[in-house]
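Peer 1: Sequence:
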Amino acid sequence: MDTQQGQNAEQFTYKAEMQQLLHLIIHSLYTHPEVFLRELISNSSDALNKMRFRTLTNSEICSPEAELAIRITTDKDNKRLIIEDTGCGMSREELIENLGTVAKSGTLEFLQSIRDNQQSAQGDLIGQFGVGFYSVFMVTDEVTVETRNADIDGKAWKWSSSGTGTYSIEPSDKEVRGTTISFTLRDDHKEFAEDYRIKSIIKKYSNYVDFPIYLNDEKVNSITALWHKKTADITEEELEEFYKFATNDFDKPLGHIHLSLEGAVEFKALLFIPSVAPMNMFRDLDERSAHLYANKVLIQQHCKDVLPEYLRFVRGVVDTPDLPLNVSREVTQNSPIMAKIRSVITGKVLSLLEDWAENDPQKYATFYKNFGMMLLLGINNDYANRERLIKLLRFSSTVTDGDTRLSLADYVGRMKTDQKEIYYVSGDNRAQVLGNPSIEYFVKNGYEVLLFTDPVEVFTAPYIGEFEGKRLVAADKAELPDTPSQEQTSEQSESTNSLIELFKSNLGDAIEDVRTSQRLVSSAVALVAGKQGLDPHMEKMMKMMDKDFTPTKKVLEINPNHQLISNLTALAQQNPNDTRISDAIKQLYDAALLMDGALTNPTDFINRMTNFMTKATQA
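First residue of the sequence shown? That's 1 in this note's numbering, and the numbers climb one at a time after it.
Don't read these hints as lab results, they were simulated from the structure. Quick caveat, the model's predicted, so the values are computed rather than measured.
Think about it this way: if two alpha-carbon atoms lie no more than 25 angstroms apart in a straight line, the pair counts; the simulated BS3-like pairs of lysine-lysine are:
no.: 1; residue 1: Lys203; residue 2: Lys230
no.: 2; residue 1: Lys369; residue 2: Lys391
no.: 3; residue 1: Lys219; residue 2: Lys244
no.: 4; residue 1: Lys219; residue 2: Lys174
no.: 5; residue 1: Lys190; residue 2: Lys204
no.: 6; residue 1: Lys204; residue 2: Lys76
no.: 7; residue 1: Lys477; residue 2: Lys420
no.: 8; residue 1: Lys444; residue 2: Lys416
no.: 9; residue 1: Lys553; residue 2: Lys477
no.: 10; residue 1: Lys79; residue 2: Lys190
no.: 11; residue 1: Lys244; residue 2: Lys199
Using the sequences provided together with the hints, build the complete structure.
Peer 2: See below:
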């Protein structure tokens with residue numbers, strides 16, 4: 001098995017197909033070469049945790065005065081990198097077992113020994129696959145490991161390998177316990193000998209490791225893993241500092257959640273709700289979510305599985321030792337554990353929002369202004385929390401000012417006794433929807449109408465269906481309450497029917513139907529959705545997303561009590577072929593299209609308007 005390599009070096013053959021393994025590690029397991037440093041630091045952290053545990057039971061150790069720390073030294077000129085720890089070190093046999101046997105993990109064995117002895121490790125151990133060390137071969141062709149066991153009479157050894165199939169072991173003169181890993185970087189990875197690059201990797205992946213990490217004698221990891229502290233021990237100043245570091249957001253958060261759960265699933269979390277929404281919130285949703293850690297080591301930034309999509313604005317950290325990871329520790333495997341963590345966190349976030357909504361309306365109003373539209377996205381995606389989300393929604397209405405929003409419970413609580421439905425109208429902005437002819441009847445008779453002006457509201461709110469037994473209905477499709485009104489009529493006069501026929505003949509296939517309306521008060525005409533029609537604003541947005549989308553035909557409603565309609569009725573009785581009638585009909589139709597934002601060719605509309613004005617102003 002072994003041959004002489006110099007006078008004191010022994011050469012060994014790996015116990016696995018090393019070439020195949022290295023190819024897998026370099027090309028498949030890890031997404032970015034930078035993770036080699038995360039893996040080496042994690043191994044050092046594990047060794048330090050073992051050492052800390054050992055000092056509790058054995059005072060006779062090598063180098064008792066040595067600080068439990070990780071030291072990294074860079075040599076830019078020679079493209080050299082050294083990672084050193086003062087952990088438990090390895091014996092010759094442990095070198096063979098841990099570095100000579102691929103996928104053999106000393107950490108995993110140590111954990112098992114603790115379980116067998118019913119002991120508890122004083123620290124967290126994360127290296128449970130036995131391949132992390134070999135990630136170093138992504139950036140180098142040869143590695144040297146010098147290590148000294150923590151036993152008082154322990155010996156030091158030097159392990160070397162190019163990762164080709166063999167490795168060598170020989171005595172070392174290392175005096176201090178622990179392990180030192182040194183190697184020369186390949187030219188294509190010489191950036192990792194730059195101080196700034198190493199520092200950025202440490203802050204990204206290993207900033208919360210329990211032990212100090214020194215880069216050329218400068219301590220790099222300076223932020224405490226607050227989520228491991230008790231809530232009562234965390235100050236507001238610490239929370240703000242941590243939030244700024246973790247999110248790069250220099251505004252104070254609106255609120256936070258600190259969780260520490262034990263039991264079937266163990267995890268800790270420190271999560272924040274920002275006070276200001278980013279400008280690109282909907283566009284870059286994947287880049288805005290909580291970070292996933294395993295025992296204080298970053299596994300995945302912006303982990304999509306931690307929270308449902310509609311809560312991606314929540315920032316912070318989730319840390320669990322229970323999560324089944326893939327071998328590279330870069331992505332999570334599908335598991336009920338992650339689903340449980342997501343369920344618990346989602347419930348806690350919604351509980352916080354519910355508390356604000358009930359006890360601090362001003363804070364909730366601030367939240368909703370920034371992130372309320374995100375909650376609408378959850379209506380059709382999170383059925384388990386659908387009812388809770390609906391109660392958290394807030395809307396503008398015809399009786400609120402521009403900044404005030406009300407809940408559906410508020411709306412239902414002040415409905416008129418004869419009202420059976422919740423009315424809404426949609427449009428581009430508040431001024432536009434307030435001017436929508438389809439709500440004139442409701443406004444005049446004191447019925448509140450919800451105003452949907454955000455695209456998310458327009459798309460999602462109609463699918464809420466109902467609230468407390470009251471259906472949400474677009475105003476142009478709603479049943480009019482039986483409120484006595486002089487504008488209402490049970491029969492249409494023969495002259496009005498004749499005018500309707502002229503409307504139909506002039507507009508042809510452009511419309512589904514023409515009918516008189518009781519919902520119009522001050523407007524002459526209005527376009528409303530047909531039997532199978534969608535909300536007009538929704539159709540407009542669908543057209544923007546799909547140029548081949550064909551809007552459904554609309555119904556044109558006319559107000560028989562409007563002076564213009566009365567004038568046209570009188571003209572039609574005198575001469576139904578009067579060109580003024582056909583021009584007026586087309587102009588009214590185009591005006592209705594314009595009101596809906598659906599007028600695609602304004603030229604004819606403008607020309608007809610100009611002709612009308614010319615004739616009207618002739619002396």
